[in-house]
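Enquirer: Protein chains in written order, with my numbering: chain A, 1 to 174; chain B, 1 to 186.
The set of hints was computed from the structure by calculation and includes no laboratory data. Among the hints, a few may not be true.
Stated by the list, open to error - What follows is a list of derived Cβ distance ranges for each label pair: (1) M103(A) <-> I112(B): 48 to 54 Å; (2) I112(B) <-> G105(A): 53 to 59 Å; (3) A57(B) <-> L91(A): 19 to 25 Å.
Said to hold, decoys possible - Not close to chain B: a few residues of chain A, all C-beta gaps over 12 Å, as computed: (4) A4; (5) L6; (6) T7.
Quick reminder that beta carbons are idealized off the backbone N, C-alpha and C, glycines included.
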Amino acid sequence: MNDATLTRLAGHFALMSLFAIGGANSAVPEMQRVAVEVEHWMTARQFTGLFALAQLAPGPNVIIVTLIGYQAAGLLGALVATLAMCGPSCLFAFYIGRISERMKGEVWTAVQSGLLPISIGLIAASGFVVASAAAHNAAAVLVTVFAAVLCSARRLNPLWIFAAAALLGIADLL
Amino acid sequence: MRSTGLTLGHVRHGFPPFVRSGLSGTESAATVRGFRAHLALRVRRGSRLVAFNASYALCQFLPGPNVVNLSVIFGGRIRGPLGSLVALVGLIGPPFVIVSVLALAYARFGAIAALQRMLVGIAAAAAGLVLGTCAKMALPLLRDRFALAPSMALVTFAAIGVMRWPLHWSLALLVPVSIAIAWVRR
Numbered sequence: 001m002n003d004a005t006l007t008r009l010a011g012h013f014a015l016m017s018l019f020a021i022g023g024a025n026s027a028v029p030e031m032q033r034v035a036v037e038v039e040h041w042m043t044a045r046q047f048t049g050l051f052a053l054a055q056l057a058p059g060p061n062v063i064i065v066t067l068i069g070y071q072a073a074g075l076l077g078a079l080v081a082t083l084a085m086c087g088p089s090c091l092f093a094f095y096i097g098r099i100s101e102r103m104k105g106e107v108w109t110a111v112q113s114g115l116l117p118i119s120i121g122l123i124a125a126s127g128f129v130v131a132s133a134a135a136h137n138a139a140a141v142l143v144t145v146f147a148a149v150l151c152s153a154r155r156l157n158p159l160w161i162f163a164a165a166a167l168l169g170i171a172d173l174l
Numbered sequence: 001m002r003s004t005g006l007t008l009g010h011v012r013h014g015f016p017p018f019v020r021s022g023l024s025g026t027e028s029a030a031t032v033r034g035f036r037a038h039l040a041l042r043v044r045r046g047s048r049l050v051a052f053n054a055s056y057a058l059c060q061f062l063p064g065p066n067v068v069n070l071s072v073i074f075g076g077r078i079r080g081p082l083g084s085l086v087a088l089v090g091l092i093g094p095p096f097v098i099v100s101v102l103a104l105a106y107a108r109f110g111a112i113a114a115l116q117r118m119l120v121g122i123a124a125a126a127a128g129l130v131l132g133t134c135a136k137m138a139l140p141l142l143r144d145r146f147a148l149a150p151s152m153a154l155v156t157f158a159a160i161g162v163m164r165w166p167l168h169w170s171l172a173l174l175v176p177v178s179i180a181i182a183w184v185r186r
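Work the whole structure out from these sequences, hints included.
Expert: Set out below in structure tokens:
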């Protein structure tokens, strides 16, 4: 826990903030790349654990950043990472919110329809990266496939799916 | 009417809805649903719901955490910069405290094997939910006659998910290309 780590946390997440097109979940592969491969703040297994914790916790998806910050540099790290991830995009959003009434017409439509496939690709990458990190055996892959089918098939509180998956984990099947 | 200073009224009326929406869901969609439902019950709901829906549509395309952006834009539209700040702190504050406690617990007990397996199971399921939701979002793209939009999604997926290239460099290239394609085909 030192100033250098805090500075790196702030830098990484402030940059990510402006490139997370489609929401915080879009940046999960980048978070894993930075936290595990670039900065060695944690192991891939720990990252998977933190991702699961963030899904369980109440609140917006972005709180995975708080967990990463805490793991890297304690409570101060959690605060710095969270502020860095929200700050730049909030300022940008506030500004766009102010001028958005004027942003009608063809350019704006092209920007929107151009960004849509990008955000879908990023979110798919996010699901794929976490799924492959969690895929220790065939049962874990089945859990992923089953959850994907259940989620597209009908509305179900995700907590039930998480509870079932957690039980399978405790029973040493994953 | 827009007030210029932060009054007690801001905090009293601004905080609770954002605190509640911040704590209500395990994912953005649930948070947004809960928040919209809460707004619908309030006075002056007509104008606020319109402001909310417009803010929500905008947030789908802005970079950064969606629900956080939503609270900033919506808070700003009903009360200016301070409205944004109140909304932001109301939304992020309580989950931040809860998650910090979770992080502390994880630092202490994270090495327990049963807990690790449990979290791996939950991560596997959560990844499935992300992929399922993504598939639903991607279906309308497939109607594209020249498959350009699905190709952009696929290239983005490969760059970030498979090649693991840095996000900002990849998007600095892909975003202009994708917007240019959308512009040419408008």
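Enquirer: With reference to the structure, classify each hint as holding or not holding.
Expert: Okay, the hints, checked on the actual structure:
Distance hint check: the CB atoms of M103(A) and I112(B) are about 51 Å apart, consistent with the given range 48 to 54 Å. Checked against the hint of 53 to 59 Å, the C-beta distance between I112(B) and G105(A) comes to roughly 57 Å, which is consistent with it. Take A57(B) and L91(A): their Cβ atoms lie about 20 Å apart, and the range 19 to 25 Å holds. With 12 Å as the threshold on Cβ separation, the claim that A4(A) sits away from chain B holds: the shortest Cβ distance comes to roughly 20 Å.
Taking the minimum C-beta to C-beta distance to chain B, about 16 Å, the non-interface status of L6(A) holds against the 12 Å cut. Chain B leaves T7(A) outside its interface by the beta-carbon criterion, the shortest separation being 18 Å against a cut-off of 12 Å.
Every hint from the earlier list agrees with this structure, and none is contradicted.
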